Structures are given as C-alpha cells and as structure tokens.
Amino acid sequence: GIQVEQSPPDLILQEGANSTLRCNFSDSVNNLQWFHQNPWGQLINLFYIPSGTKQNGRLSATTVATERYSLLYISSSQTTDSGVYFCAVGGGSGSRLTFGEGTQLTVNP
Amino acid sequence: DGGITQSPKYLFRKEGQNVTLSCEQNLNHDAMYWYRQDPGQGLRLIYYSQIVNDFQKGDIAEGYSVSREKKESFPLTVTSAQKNPTAFYLCASSIDLGRLIYEQYFGPGTRLTVT
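Going line by line, the protein sequences match chains Y and F. Taking our numbering, the leading residue of the first sequence gets -8, the next gets one more, and so forth. Taking our numbering, the leading residue of the second sequence gets -19, the next gets one more, and so forth.
It is worth saying that the hints were derived from the structure and are not from the lab.
Computed list of lysine-lysine pairs in DSBU-like fashion (alpha-carbon distance at most 35 angstroms, straight line): (1) Y/K45 - F/K37; (2) F/K63 - F/K50; (3) F/K(-6) - F/K50; (4) F/K51 - F/K(-6); (5) F/K51 - Y/K45; (6) Y/K45 - F/K(-11); (7) F/K(-11) - F/K63; (8) F/K51 - F/K(-11).
To spell it out: a stretch of chain Y is covered by chain F in this simulated footprint if at least three of its residues, at any positions, have a beta carbon under 8 angstroms from a beta carbon of chain F; those stretches are: (9) 33 to 47; (10) 91 to 98.
No experiment lies behind these values; they were computed from the predicted model shown. Ideal Cβ positions, reconstructed from N, Cα and C, are used throughout, including at glycine.
Could you put together the complete structure from these sequences and hints?
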C-alpha cells in the first residue's frame, strides 16, 4: 500500500512565526487531504488538494503530484494553531485514506 | 444541521465483553469508514463501506465487525477477540461515485477504555 511520511514530527514556534509542514507519499494518488486535530480529538478538514495550490486565510497548501509531495504553510501562527496536523492520501480505486504519523505543532505566546 | 454523530463520547467496558460504537450521518454520503487512533499515532483504517449491504476490510480488521443496513448508519462492534481494544475510534463519510474520489469528513470520535 501507499506509504505516507510527514516531517517534522514536532515543531515549536513563537506566535507570529511562519512554518512549513511536509508530506511525502510513495505512489500516485487521487486524493490528498490535510487535517488539524484539535485537543479534543476532532479532525478538522483544512484542504482537499490532490494537486495544485489552495489558500484559506493564513493557511495554504501545495501538492506536486508528479514529485509525490505536499506542503502545508502556516503564516503568522497563533496559539490556536497548536495541535496535530495530519496528511492523508488515497490512490487507485475505492476511497480509503492512508494517514501519516502527523506533525505536532506547538505555538507559544 | 448536517454532520456525523458518534455516540457515546466515552465508553468503558470490561475485558471479554463485546461493545458496539454508533456512527450516524445525515449528509447523504454513500461511503462510510471506521478508523482507530492510538496515542501519538496516525489513524488506521478498520473497515469501510461504499454502499449499503456491502463493506470491505481495512488494514486492521481483526477483532472488529461492522454492518451497513442503512445508508445513514455504520455501527462498529469491538469483539472480545480484539487484543488491544483501548483506543480512540473515529468514523468518517464521503460521497463515492465509483472511481471518483471525494473529501472525507469525520465525526467527533469515541474513546473506548477496556479494563
């Protein structure tokens, strides 16, 4: 099956800093999603981005499918951005997702 | 108000008992999924269903069972055969039109503790 690798595993920032989270995957995909898991465990959809670039406020994402990676950019980080960020990919027929291990982001005031 | 509901939020059981976790969606989504999350790890797929009365095993199906009798509902039973059932269980759903892939949305999860 598809392998998903996220980096870095942990990231500590000061409020206002920018960051880039990376997701590498081992095979071609037709689905790629970025999620933020809040402290209560809820997975919040950030982007559905199997290819191309999208922006939503301070967050943006880029997927280069031919090179098998995706990047999530967080600008002007806030303490509420803290949590775990997951990349999940799907390929072939069917709609199952394979998750990476996540990036634990801590934003300090 | 459309969404995915999971109940209960917290569940405690004694070892050797079967337990059923509920997942309901009113989004009119075709496909539904069950994932398991252990502390500090990503999600792993247990079972998924793309249509009523049909479902497929995911990566870690042993010790679990599901049914899909209605489009809106996809209950998961954690059986006594599951060796390490204590975990956070998340249900998801998506539109599914054959080979077309759509975004998955998640419920709030159920934390199961077995002692």
